[in-house]
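J.: Now for the letters of each chain:
Protein chains: 2
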Amino acid sequence: SAAQRKARRHVRSLTGDFPEVDDRGEEKWPRGDQKTWTSSMRNVFTETSDVTKSIVNHVQTSLARAPYNLDDFGAYQAAALATRDNLIVNWNETQIHFTRKQPKRAYYLSLEFLMGRTLSNALLNLGIQPQTEQSLSSLGFSIEDVLVQERDAALGNGGLGRLAACYLDSSATQELPVWGYGLRYKYGIFMQLIKEEDGSQLEAPDPWLEHQNPWELPRLDVVYEVRFYGSSERLNDGSGRAVWSGGQEVLAVAYDVMIPGYGTRNTNNLRLWESKPKRGFDLQSFNAGDYEHAVEASNSAAAITSVLYPNDHTTFGKELRLKQQYFWTAASLADMMRRFKNMDKPINEFAEYNAIQLNDTHPTLAIVELMRMLVDEEDVPWSQAWTIVTNTFFFTNHTVLPEALEKWPVPLMQHLLPRHLQIIFDIVRRFFLSVEKKFPGDVARLARMSLIEEGFPQQIRMANLAVVASRKVNGVAELHSELVRKNLFPDFVEFFGKSKFSNVTNGVTPRRWLDQCNPALSQLITDTLKLPRDVWLKDLYKLEGLLQHVDDPKLQKSWAAVKRQNKERLAHFVEQMFGLKVDASAMFDVQIKRLHEYKRQTLNILGVIYRYLLLKNMTPEERKKVNKKVVFFAGKAAPGYYVAKLTIRLIVNVSRVINADPDTNQYLSLFFLPDYSVSLAEVLIPAADISQQISTAGTEASGTSNMKFCLSGGLLLGTVDGANIEIAEEVGEDNVFFFGHLTPDVDKLRYEHTYHPVPVEQKCPELAKVLDAVSSNIFGGNGVYEPLLNTVRQGDYYILTDDFDSYIRAVEMVDEAYQDQTEWIKKSIRTTAKMGKFSSDRAIQDYAQEYWNIESSRVSE
Amino acid sequence: SAAQRKARRHVRSLTGDFPEVDDRGEEKWPRGDQKTWTSSMRNVFTETSDVTKSIVNHVQTSLARAPYNLDDFGAYQAAALATRDNLIVNWNETQIHFTRKQPKRAYYLSLEFLMGRTLSNALLNLGIQPQTEQSLSSLGFSIEDVLVQERDAALGNGGLGRLAACYLDSSATQELPVWGYGLRYKYGIFMQLIKEEDGSQLEAPDPWLEHQNPWELPRLDVVYEVRFYGSSERLNDGSGRAVWSGGQEVLAVAYDVMIPGYGTRNTNNLRLWESKPKRGFDLQSFNAGDYEHAVEASNSAAAITSVLYPNDHTTFGKELRLKQQYFWTAASLADMMRRFKNMDKPINEFAEYNAIQLNDTHPTLAIVELMRMLVDEEDVPWSQAWTIVTNTFFFTNHTVLPEALEKWPVPLMQHLLPRHLQIIFDIVRRFFLSVEKKFPGDVARLARMSLIEEGFPQQIRMANLAVVASRKVNGVAELHSELVRKNLFPDFVEFFGKSKFSNVTNGVTPRRWLDQCNPALSQLITDTLKLPRDVWLKDLYKLEGLLQHVDDPKLQKSWAAVKRQNKERLAHFVEQMFGLKVDASAMFDVQIKRLHEYKRQTLNILGVIYRYLLLKNMTPEERKKVNKKVVFFAGKAAPGYYVAKLTIRLIVNVSRVINADPDTNQYLSLFFLPDYSVSLAEVLIPAADISQQISTAGTEASGTSNMKFCLSGGLLLGTVDGANIEIAEEVGEDNVFFFGHLTPDVDKLRYEHTYHPVPVEQKCPELAKVLDAVSSNIFGGNGVYEPLLNTVRQGDYYILTDDFDSYIRAVEMVDEAYQDQTEWIKKSIRTTAKMGKFSSDRAIQDYAQEYWNIESSRVSE
Ligand SMILES: Cc1ncc(COP(=O)(O)O)c(C=O)c1O
Ligand SMILES: Cc1ncc(COP(=O)(O)O)c(C=O)c1O
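Protein chains in written order, with the numbering used here: chain L, 1 to 861; chain F, 1 to 861.
Worth flagging that the hints you see were computed from the coordinates, not collected in a lab.
As the structure is a computational prediction, the values presented were derived from the model and not from experiment.
Among the clues, some could well be false.
Straight-line Cα separation of at most 25 Å, DMTMM-like style, residue types lysine to aspartate or glutamate; simulated pairs [said to hold, decoys possible]:
1) F:K625 to F:D661
2) L:K276 to F:E855
3) F:K53 to L:D50
4) F:K345 to F:E47
5) L:K278 to F:E210
6) L:K53 to L:E144
7) F:K341 to F:E352
8) F:K318 to L:D282
9) F:K104 to F:D583
10) F:K195 to L:D282
11) L:K53 to F:E352
12) F:K53 to L:E47
13) L:K557 to L:E568
14) F:K276 to L:E568
15) L:K278 to L:E203
16) L:K278 to F:D583
17) F:K276 to L:E203
18) F:K625 to F:D583
19) L:K276 to F:E352
20) F:K278 to F:D237
Here are the in silico distance ranges between beta carbons for each label pair [what the hints assert, rightly or not]:
21) L:G230 to F:S231: 30 to 38 Å
22) L:Q134 to F:R321: 38 to 46 Å
23) L:N790 to F:E210: 52 to 60 Å
24) F:Q134 to L:W29: 44 to 52 Å
25) L:E296 to F:I347: 42 to 50 Å
26) L:S585 to F:T38: 23 to 31 Å
27) F:E210 to L:G127: 35 to 43 Å
28) F:T314 to L:W29: 36 to 44 Å
29) F:T314 to L:N43: 34 to 42 Å
Note that beta-carbon positions come from the ideal geometry of N, C-alpha and C, so glycine has one too.
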């Protein structure tokens, strides 16, 4: 009972603290005079005058400025601080609410959270956007100018990190007790610059914390010790326990990021850990004149959360990356354990109160760490501990690309985490026994299923470990989940049964990806559906109501006008950046995502060159009949990914030639927008007539930008891959433009490329001409693109030679369709109308109900 | 005129921004709707209910806590934040006020500011102490418990740094336009721990910024670049100009600390610089797998302001220390120059608007830097620049100890600051010419006066440079200023004339050192003088009014009661720390200050041992007649100062023996209180019956703790040294206990010690016995103290053998005087009554009028 609860350990920390109760079970006022307290306490400020006062007071005090010297950035800071205060009030209420209720909680462990900007989302979710706009205006500022002052929080590489951010938004909106756990990188994803001289990518650090971050709450009293290295001694008492000691101890300090739900007070928490030396500066060394040594310990600890690894869909194999993973999982589990123990439940009930979602294999060490805590610290027998663990964890796979499957060398693990290696080998041993029992003597199967890959050195297969220890495993779209079952883990499906392997198709939050980034469309939808905005934004299937109005010319006209307006915003943006006029009446064709061979930006740029060469060969009269088009690219390449960086360089240099060609530039222009980010996506997506989602079939697990474009009524030009398939299922195949070979063909084609290669000139002469044009240096480069071109000419792993013709035909169909504007707009409306399924609210409810078994609970007003 | 002013450069920065004026010269409202702004702006909160609301709102938002989980530390944080807001409002007003008025300003450049705690001082100066006490009380907290939660800001070693802090308090209180400039060390003076095993000093880092610092305002938009290394090319155009380029560039970021005046809105600024890499993390190296290199630049920049050098009265000669000095002076001068230029005055008027006080030689590079800026950047001819410089700077010397006079090797200066070395040599050349002219052919004089000391390597004499370039030079007490003229710079006095060399006796702020630390005495004084507290606290000469009441038995009784109460507070504190009972009826005898041979803690501890041995030899009957005494020591030793650390070890081990000796411990006990700090001084000083100020004559420039003790009515046992002399002049020789040889004797005695040494057994048998007792290991140590004892037995540079007998007689006189309690209390009242002169208000007015030529200007209510 509550009265029996142990004394608080962390009196300073909020989470896990309950009010005391008196003899009659009523809550006691904890401290001081209750009336003084309650009459002084504030709530969320919703009146414009209160908002204004709060902003002005932050200008005066927090910023120490005056109206005399306040610029847009200062106004942003003050508005952010005023909004932060509101968020914290709700955040606090939410934490107290769930601490009292003691529900089962879910934890989303993700190494990446690509949050983007916060202010406008916070204003939307708090419901004080109009008041704040009004208040800024009377203080002499426009809210648009103020909002763009915010620097993106870019703690992620791309889809996986942005998905985590959408899921947090939906969890809070659904009033679910879900926390995120991640790392507070001092430097997020690098800033991408384009070198003037040669058009290539240059990386610059992203010091996003430089100007203080109003959206986090440092919780310097929430601190855990994390150990590395040292040695592990097994206690030979049959318990399986061991003592791990020595090595390096590092502190994990919590920073809490408030995650407001939409249309609710519920405000969840994203806890990010920062690493810190256990002892600061080594004064002894300093006084002995050895400054270097004095800061050494400090540096090596701070290094852990210093920088996000800028790789997407590849692994690094670096010790520092493994340190990040362990640091983060150890701190997060210690925190969950503390919270659980505050409830005084028996340890065996851990899995009844905690569900942990592993976002890809990055947090797989959490499995081993929980085993270690249970066995070594909580004295739980191994098999009981294993039961707890296998009921606690859930694993999401995000890719079937072989280069993206994490493996860690056994010697590295031995060095860095000696106790964890012992536990992994203990898991391996027991798992082997059970497989042996089911499939006696099947040595090949054992080798395939083992958590250890033989070789020099041996490697630990993190995905296999995650599968073995998780309650459920899911892919992120139907096709992908099927590939996970069939290609990646068929042995495990046979062993554990089909029901362990399932699917949750990704989703995106309609708050950010429709209402915020496309307010005009949101308003048109509200007007058309005749439903309050907060109804359809929380139940996105309601968009289907648009279908009734597809043929309404008034809607069509307004719909087209909204798109045009968004295109003009983008055109203006691009004009400011490049000093070039952009024709907003042309079709806007957009491909924005990480640069990766599997995503085939190469196919797109080769298609653009093809189009350019065609145009060049036309008479001026012929050209006039061509569909005018502006092509946009944006995306970062991993700094060490040579071919991807070459692709950027090609795109930039092609754009310089095309945009400067007076023969053709009214009909075709091309832009590579540097430094792709969430905020840039928010400008590009609403302005697209069509988006390109053209990955080699079977490689893109889901994609989420495809959903975002469709939500804004941008049509889909794509392969039969990932979530494209489900989008087509929803909107109907005649509203999308599909092309290319299907997944089952790909392996066969690759086999042919290797064993019966056909020269590209023979196989796809149109493509050959394009490649030759690049080789002839009409876009400059002096042969620099050959390695890129050779990926197509030789091997062609991503089957461009097989798909090129089909791609060109599809692009022609798009051109043709665009000629009939009314039909196009109808396709656009139909597309938006069927996006209900792709709300992250649906996805998160899938997780909550089918996986985590947690329940919504609303914080009262 | 205002209308001609140039466009703002730093629109974001407050300082130096003016309101625009319209055609009729009236101020225009700068932005937005004036009524909305002004009706939303806040002022200082003085109503208890507003104070409470502000505290509660900070608990809710800034701390994200609730009454359920608020401890004393949280209450401190919230109260501090609420107070900070008030300070900022006044600070802002003050900056705007002086920006509009454009008065001449004075800048106090000090490498050390030993601020101590801020909250209680801020409450006192804002006049909201009672309201805050009341408000905390109704929220369930006692203000005493809350105040002690604050960690000292300890950015200083001792006297020099604390003096700077007192001067800032007085400048603000006197409504003078004075700013401080210093460094924001990440680690202040080390924490002193005493090892349990052997009683020796252990140093631990002081991570004072760990829990965020409410008393500073990060001004991330006030940033300057500072260059190191590189090369300097003279422009051979006869202008003397040069171009300095290459090397390392580091950023200086401003942090502003608000300095509230007492009884005024005026709130001055202390600007502290933090170093920061110009470019953050080196991503290229990181991606190439070279993490070490990636953080290298970042570390070497951050290193500059990482740690305060923990030496007092000695020099280091470390490159990093020179980097600190240049970094700080360069950033500060750039900041002053920007502020000056905002006024659009001709550069020749620089010295009419700026006075710069050099606190010791540490900022001497400022002289060279201003020459560089004027000559190289502002294109001012050399001789004109030199006129500006020599009218701008003022130099305070703080010591005549040879080991404390700064010198920098020429090769180091050449490497780190090549341009500055050129300028120094240019100064030398011109100065030589003028000396040659006045004293033709006097080569020995030239060598003595040179800024360069010959040798291998050559060294730059910073004190000589400071003297040559300053308008005035002062020492810090009459005797010291005399020694500066007679012993240190006689050649310069002859050359420049006497009037350049003057004196400003140090002072202490009565706000902190009487009202705050000794509130009962403050109240008694107010009651006795029948004057409002804020009158006599701002005009400390008013204390003389106490003399009228010296013979009033009621006052005597109350006076004694206050002292007793303060002694009981200290006794309680010590009991808590050591678990030993302390008899508050005994005499409390206190020596607290840096450990240094010249301060002669050794003399004191040897005297204590002498007394202990006497007591041991007495019969119990005899002992009963002895004056009961508790001796307190506190102070830090520089980590590399072997003899000073040995002294601590001896004191601690003597105390362990004495306090455990049942024969004597009712009559004599001894405590070494670890980690001496401003806050500890605030507890010790009001509780002292007598303080020991026993430096070798001619070594302690002034001392300030002597003034603080006297202000709290603690009598003075001391040598005829430093400010002791002026204290005696004020209170009369019969109210102090003087002993020992006088300054003029010391050199002769030292000569004798070297050339005609007499064994201590012969010269001072009483002392010899004490030394032998220590050697016999009755306090343990196994011979470890021999090096310390040998400093007395051999050479005896600090003339303990000469002063010991006189010291012992003086201690006996103190014992005797204490027997007559009424007479003692009268001495105590007389002492306090005559402390008017030692207010830092007087000292700062001296500077303002006789040196800086600046005027007070009150910010209106
Ligand atoms: C910055 C950023 N990166 C990556 C993605 C994911 O894009 P895709 O689904 O095309 O891989 C998004 C989605 O909007 C994004 O905003
Ligand atoms: C912490 C601290 N250090 C040093 C000093 C200066 O002491 P003294 O004048 O005895 O050298 C003071 C004065 O109060 C102090 O508070």
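J.: Confirm or reject each hint.
T.: Hint check:
{"no.": "1", "hint": "F:K625 to F:D661", "in the structure": "holds, 18 Å"}
{"no.": "2", "hint": "L:K276 to F:E855", "in the structure": "violated, 48 Å"}
{"no.": "3", "hint": "F:K53 to L:D50", "in the structure": "holds, 15 Å"}
{"no.": "4", "hint": "F:K345 to F:E47", "in the structure": "violated, 44 Å"}
{"no.": "5", "hint": "L:K278 to F:E210", "in the structure": "holds, 12 Å"}
{"no.": "6", "hint": "L:K53 to L:E144", "in the structure": "holds, 20 Å"}
{"no.": "7", "hint": "F:K341 to F:E352", "in the structure": "holds, 13 Å"}
{"no.": "8", "hint": "F:K318 to L:D282", "in the structure": "holds, 17 Å"}
{"no.": "9", "hint": "F:K104 to F:D583", "in the structure": "violated, 54 Å"}
{"no.": "10", "hint": "F:K195 to L:D282", "in the structure": "holds, 17 Å"}
{"no.": "11", "hint": "L:K53 to F:E352", "in the structure": "violated, 41 Å"}
{"no.": "12", "hint": "F:K53 to L:E47", "in the structure": "holds, 19 Å"}
{"no.": "13", "hint": "L:K557 to L:E568", "in the structure": "holds, 16 Å"}
{"no.": "14", "hint": "F:K276 to L:E568", "in the structure": "violated, 41 Å"}
{"no.": "15", "hint": "L:K278 to L:E203", "in the structure": "violated, 32 Å"}
{"no.": "16", "hint": "L:K278 to F:D583", "in the structure": "violated, 41 Å"}
{"no.": "17", "hint": "F:K276 to L:E203", "in the structure": "holds, 21 Å"}
{"no.": "18", "hint": "F:K625 to F:D583", "in the structure": "holds, 16 Å"}
{"no.": "19", "hint": "L:K276 to F:E352", "in the structure": "violated, 49 Å"}
{"no.": "20", "hint": "F:K278 to F:D237", "in the structure": "violated, 33 Å"}
{"no.": "21", "hint": "L:G230 to F:S231: 30 to 38 Å", "in the structure": "violated, 49 Å"}
{"no.": "22", "hint": "L:Q134 to F:R321: 38 to 46 Å", "in the structure": "violated, 55 Å"}
{"no.": "23", "hint": "L:N790 to F:E210: 52 to 60 Å", "in the structure": "holds, 55 Å"}
{"no.": "24", "hint": "F:Q134 to L:W29: 44 to 52 Å", "in the structure": "violated, 19 Å"}
{"no.": "25", "hint": "L:E296 to F:I347: 42 to 50 Å", "in the structure": "holds, 46 Å"}
{"no.": "26", "hint": "L:S585 to F:T38: 23 to 31 Å", "in the structure": "violated, 48 Å"}
{"no.": "27", "hint": "F:E210 to L:G127: 35 to 43 Å", "in the structure": "holds, 37 Å"}
{"no.": "28", "hint": "F:T314 to L:W29: 36 to 44 Å", "in the structure": "violated, 57 Å"}
{"no.": "29", "hint": "F:T314 to L:N43: 34 to 42 Å", "in the structure": "violated, 58 Å"}
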